[in-house]
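As a plain string of letters, each chain reads:
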Amino acid sequence: MSKLEKAALGEVATDAAPPDADAFLSVRDLRIHFDTDDGLVKSVDGVSFDVRRGKTLGIVGESGSGKSVTSLGVMGLHRSANAKVTGEVWLDGQELIAADPDDVRRLRGRKMAMIFQDPLSSMHPYYTVGAQIVEAYRVHHDVSKKVARTRAIEMLDRVGIPEPNQRVDSYPHEFSGGMRQRAMIAMALVNNPELLIADEPTTALDVTVQAQILDLIRDLQKEFGSAVIMITHDLGVVAEIADDLLVMYAGRPVERGPAESVFAEPRHPYTWGLLGSMPRLDREDTDRLIPIQGSPPSLINVPEGCPFNPRCPYADIPKDNVTRTVRPELTEVGSRHWAACHMTQEQRERIWTEEIAPKL
Amino acid sequence: MSDEKEVSLPAQSDGATLTKGTGAGEPLLKVTGLQKHFPIRKGLLQRQTGAVRAVDGLDFEVRKGETLGVVGESGCGKSTMGRLITRLLEPTGGKVEFEGQDITHLGVGGMRPLRRDVQMIFQDPYSSLNPRHTIGTIVSAPFKLQGVEPEGGVKKEVQRLLSVVGLNPEHYNRYPHEFSGGQRQRIGIARALALNPKLVVADEPVSALDVSIQAQVVNLLDDLQSELGLTYVIIAHDLSVVRHVSDRIAVMYLGKIVELADRDSLYKAPMHPYTKALMSAVPIPDPKRKAAKSERILLRGDVPSPISPPSGCRFHTRCWKATEICKTTEPPLLELKPGQQVACHHPENFEDQAPQDTVLLSVAKEAATLVADEVLAESAATSAAVAAEVGESADPGARGTARPAPTDPQPTDEPTEPEDDRQESTDK
Numbered sequence: 001m002s003k004l005e006k007a008a009l010g011e012v013a014t015d016a017a018p019p020d021a022d023a024f025l026s027v028r029d030l031r032i033h034f035d036t037d038d039g040l041v042k043s044v045d046g047v048s049f050d051v052r053r054g055k056t057l058g059i060v061g062e063s064g065s066g067k068s069v070t071s072l073g074v075m076g077l078h079r080s081a082n083a084k085v086t087g088e089v090w091l092d093g094q095e096l097i098a099a100d101p102d103d104v105r106r107l108r109g110r111k112m113a114m115i116f117q118d119p120l121s122s123m124h125p126y127y128t129v130g131a132q133i134v135e136a137y138r139v140h141h142d143v144s145k146k147v148a149r150t151r152a153i154e155m156l157d158r159v160g161i162p163e164p165n166q167r168v169d170s171y172p173h174e175f176s177g178g179m180r181q182r183a184m185i186a187m188a189l190v191n192n193p194e195l196l197i198a199d200e201p202t203t204a205l206d207v208t209v210q211a212q213i214l215d216l217i218r219d220l221q222k223e224f225g226s227a228v229i230m231i232t233h234d235l236g237v238v239a240e241i242a243d244d245l246l247v248m249y250a251g252r253p254v255e256r257g258p259a260e261s262v263f264a265e266p267r268h269p270y271t272w273g274l275l276g277s278m279p280r281l282d283r284e285d286t287d288r289l290i291p292i293q294g295s296p297p298s299l300i301n302v303p304e305g306c307p308f309n310p311r312c313p314y315a316d317i318p319k320d321n322v323t324r325t326v327r328p329e330l331t332e333v334g335s336r337h338w339a340a341c342h343m344t345q346e347q348r349e350r351i352w353t354e355e356i357a358p359k360l
Numbered sequence: 001m002s003d004e005k006e007v008s009l010p011a012q013s014d015g016a017t018l019t020k021g022t023g024a025g026e027p028l029l030k031v032t033g034l035q036k037h038f039p040i041r042k043g044l045l046q047r048q049t050g051a052v053r054a055v056d057g058l059d060f061e062v063r064k065g066e067t068l069g070v071v072g073e074s075g076c077g078k079s080t081m082g083r084l085i086t087r088l089l090e091p092t093g094g095k096v097e098f099e100g101q102d103i104t105h106l107g108v109g110g111m112r113p114l115r116r117d118v119q120m121i122f123q124d125p126y127s128s129l130n131p132r133h134t135i136g137t138i139v140s141a142p143f144k145l146q147g148v149e150p151e152g153g154v155k156k157e158v159q160r161l162l163s164v165v166g167l168n169p170e171h172y173n174r175y176p177h178e179f180s181g182g183q184r185q186r187i188g189i190a191r192a193l194a195l196n197p198k199l200v201v202a203d204e205p206v207s208a209l210d211v212s213i214q215a216q217v218v219n220l221l222d223d224l225q226s227e228l229g230l231t232y233v234i235i236a237h238d239l240s241v242v243r244h245v246s247d248r249i250a251v252m253y254l255g256k257i258v259e260l261a262d263r264d265s266l267y268k269a270p271m272h273p274y275t276k277a278l279m280s281a282v283p284i285p286d287p288k289r290k291a292a293k294s295e296r297i298l299l300r301g302d303v304p305s306p307i308s309p310p311s312g313c314r315f316h317t318r319c320w321k322a323t324e325i326c327k328t329t330e331p332p333l334l335e336l337k338p339g340q341q342v343a344c345h346h347p348e349n350f351e352d353q354a355p356q357d358t359v360l361l362s363v364a365k366e367a368a369t370l371v372a373d374e375v376l377a378e379s380a381a382t383s384a385a386v387a388a389e390v391g392e393s394a395d396p397g398a399r400g401t402a403r404p405a406p407t408d409p410q411p412t413d414e415p416t417e418p419e420d421d422r423q424e425s426t427d428k
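Line by line, the protein sequences are chains A and B.
Numbering (full-length UniProt numbering) for the first sequence: 1 to 360.
Numbering (full-length UniProt numbering) for the second sequence: 1 to 428.
To be clear, the hints were calculated from the coordinates, so they are not data collected in a lab.
Please note that a few of the clues may not be correct.
As the list claims (entries may be wrong) - When the alpha-carbon atoms are kept at most 25 Å apart in a straight line, the in silico DSS-like pairs for lysine-lysine are as follows:
#1 A:Lys111 with A:Lys84
#2 B:Lys95 with B:Lys30
#3 B:Lys144 with B:Lys155
#4 A:Lys146 with A:Lys222
#5 B:Lys365 with B:Lys327
#6 A:Lys146 with A:Lys111
#7 B:Lys268 with A:Lys359
#8 B:Lys337 with B:Lys268
#9 A:Lys146 with A:Lys55
#10 B:Lys288 with A:Lys359
#11 A:Lys222 with B:Lys288
#12 A:Lys55 with B:Lys288
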């Protein structure tokens with residue numbers, strides 16, 4: 001059954017955004033819940049998105065919004081005993097959630113790979129960087145250690161590590177933060193994956209190194225034509241690299257669309273809040289930042305209705321207290337641009353152009 | 001919660017009467033030649049074989065009522081600097097003066113009376129609060145340690161402080177784990193404010209927080225400053241946050257200040273190539289600028305080790321303007337423009353300080369491949385324009401005329417404004 005047929009069967013009814021027929025990765029109504037002693041944690045609660053080959057999707061949100069859990073779900077890295085994963089993940093025509101874990105394991109590292117946030121804790125301190133890259137390569141390729149080592153050196157060189165011949169025998173602690181992240185990227189790319197998920201790849205790095213790494217990811221993507229998912233909390237980074245954007249809040253998508261339109265005409269109060277709370281170097285300095293009041297909700301007790309309603313300054317605009325009772329669905333607000341808000345299009349357009357945009 | 005407008009703290013020190021207007025401009029803290037070398041010991045006898053020169057000669061002042069921002073990459077010594085001026089570390093050399101008093105080598109007892117005037121806010125709100133103490137105990141600890149009995153009792157005062165920083169005073173008996181990251185940072189701020197300090201050193205106060213919470217804490221720091229007349233030294237790596245909060249900014253590289261200037265001059269016309277590179281690396285949340293990627297200056301490699309820093313100018317190994325003099329002579333931190341101190345032989349947006357030295361080092365040629373042509377052309381144009389202007393006005397016989405002055409000297413500030421350039425390039 002193709003993903004289109006499957007989609008037509010209604011699984012995606014909760015999401016107004018139709019699947020993209022050309023997508024390499026297509027995620028439909030992904031839900032990841034964890035049963036804990038305190039209650040059911042709905043980390044991801046109905047997320048859908050598509051990524052095409054050669055394109056980059058940026059997922060933004062605060063901590064606890066479910067960005068990382070989503071990416072681990074796509075990779076199939078949740079332990080089935082703890083996590084309840086439902087929905088569909090279509091990777092190049094193959095469904096992964098219902099698939100045999102062994103089949104997914106064979107895809108992992110080869111067809112899809114991941115770059116983690118903290119390279120020091122995600123690399124093994126006991127093995128050399130080279131040995132870890134060699135292992136990643138030999139899992140998927142039946143080659144001798146010597147060939148794999150040559151490949152590892154080639155990859156280290158490709159990601160810009162100086163003297164890769166010597167550096168291949170260094171331990172992770174002998175690398176600087178930027179070099180470790182490069183080595184992580186080399187490890188992730190050693191099998192030429194078609195899908196690369198980068199989870200906050202530059203958060204732990206300095207701006208100058210961040211610029212180098214973003215440049216590297218962009219170049220490699222151009223070279224290999226892979227689909228990239230970039231998870232970050234930094235709107236600057238996604239603006240820099242992403243073609244499409246998914247804004248998440250409390251495990252749910254609140255806005256989704258091409259990066260240009262989401263930045264130019266955001267249609268959700270949370271996105272406005274994110275844009276207003278960061279100081280920007282490209283604008284005249286404002287006197288005060290416009291913070292979002294309050295803090296993100298607990299995922300055990302997600303507020304009724306729109307999860308953002310306790311922090312939303314416009315929660316009383318829609319009539320009949322609907323923001324506190326009915327969960328808003330993603331509705332189309334522009335070409336390939338969806339937002340989940342109860343306010344009407346006109347109301348949001350007016351607030352954005354009159355109240356928010358001038359203050360940014 | 002914090003609707004009580006009256007925030008005058010009970011008199012523990014005369015700082016209560018300090019307002020932003022009075023005494024602004026007077027140095028509160030003066031640092032000269034400050035150094036901190038951490039020894040590296042090896043072998044059986046633990047003989048010192050070297051030193052990490054974390055802070056290697058800093059000169060600056062912090063004026064009353066201002067905010068001094070300190071930026072730099074990790075390992076540039078900015079946190080060590082913060083710990084030296086609060087005297088949590090013993091300086092290896094140099095001098096720290098607080099309100100005219102030399103505090104460089106004061107002992108624990110000698111520092112104690114000063115501790116109430118100098119406070120610190122730490123980066124990580126998770127590890128800087130004792131998990132076994134209630135918020136009440138944490139915020140009242142300064143009173144206990146200093147033997148201060150505030151008017152109306154400690155409990156009342158602590159509750160007042162909690163409401164000043166926007167927390168519910170009822171939460172007096174809760175533990176740190178019951179609070180979110182942003183709330184914990186507020187607790188840290190309440191603790192720092194308890195004794196009504198004159199100087200608050202904040203080491204990365206918002207970098208562990210989410211964007212939306214960051215803005216709340218930044219605004220809170222802002223409000224407290226205008227209400228209590230605080231003086232801040234804010235150490236951060238995020239250039240946009242630093243620009244937002246600071247009046248003056250020091251840019252550090254490998255234990256040295258490379259540029260110290262007021263905010264607007266620094267961001268409009270950075271003079272040190274490192275400052276320029278640092279600012280160009282900040283990602284801008286505007287996807288239209290993706291096309292304008294060419295403006296970015298990518299620095300090669302990493303910051304060199306502070307154990308054996310490069311000779312001469314410490315930035316010369318990564319600088320695209322480096323010449324022989326940069327390798328041999330260390331540039332002094334000079335006030336080239338009013339309010340803008342720079343340590344560079346070949347500053348951007350200004351007259352070249354070593355015009356006779358024009359041969360680029362080979363590293364510089366390599367580094368220049370990472371700098372877009374437009375950036376190079378622009379900086380040459382601005383430097384020439386400034387040189388011409390200086391040559392005309394100040395001393396016509398000297399350096400200025402030694403270089404061919406352009407026939408049409410441009411006004412200096414026009415091509416240097418980064419905002420304008422970005423606008424232009426987005427139109428392309």
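Going through the hints against the structure:
no., hint, in the structure
1, A:Lys111 with A:Lys84, "holds (24 Å)"
2, B:Lys95 with B:Lys30, "holds (8 Å)"
3, B:Lys144 with B:Lys155, "holds (12 Å)"
4, A:Lys146 with A:Lys222, "violated (29 Å)"
5, B:Lys365 with B:Lys327, "holds (14 Å)"
6, A:Lys146 with A:Lys111, "holds (23 Å)"
7, B:Lys268 with A:Lys359, "holds (21 Å)"
8, B:Lys337 with B:Lys268, "holds (13 Å)"
9, A:Lys146 with A:Lys55, "violated (34 Å)"
10, B:Lys288 with A:Lys359, "holds (19 Å)"
11, A:Lys222 with B:Lys288, "holds (19 Å)"
12, A:Lys55 with B:Lys288, "holds (16 Å)"
Violated hints, in rising order: 4, 9; the structure is consistent with all others.
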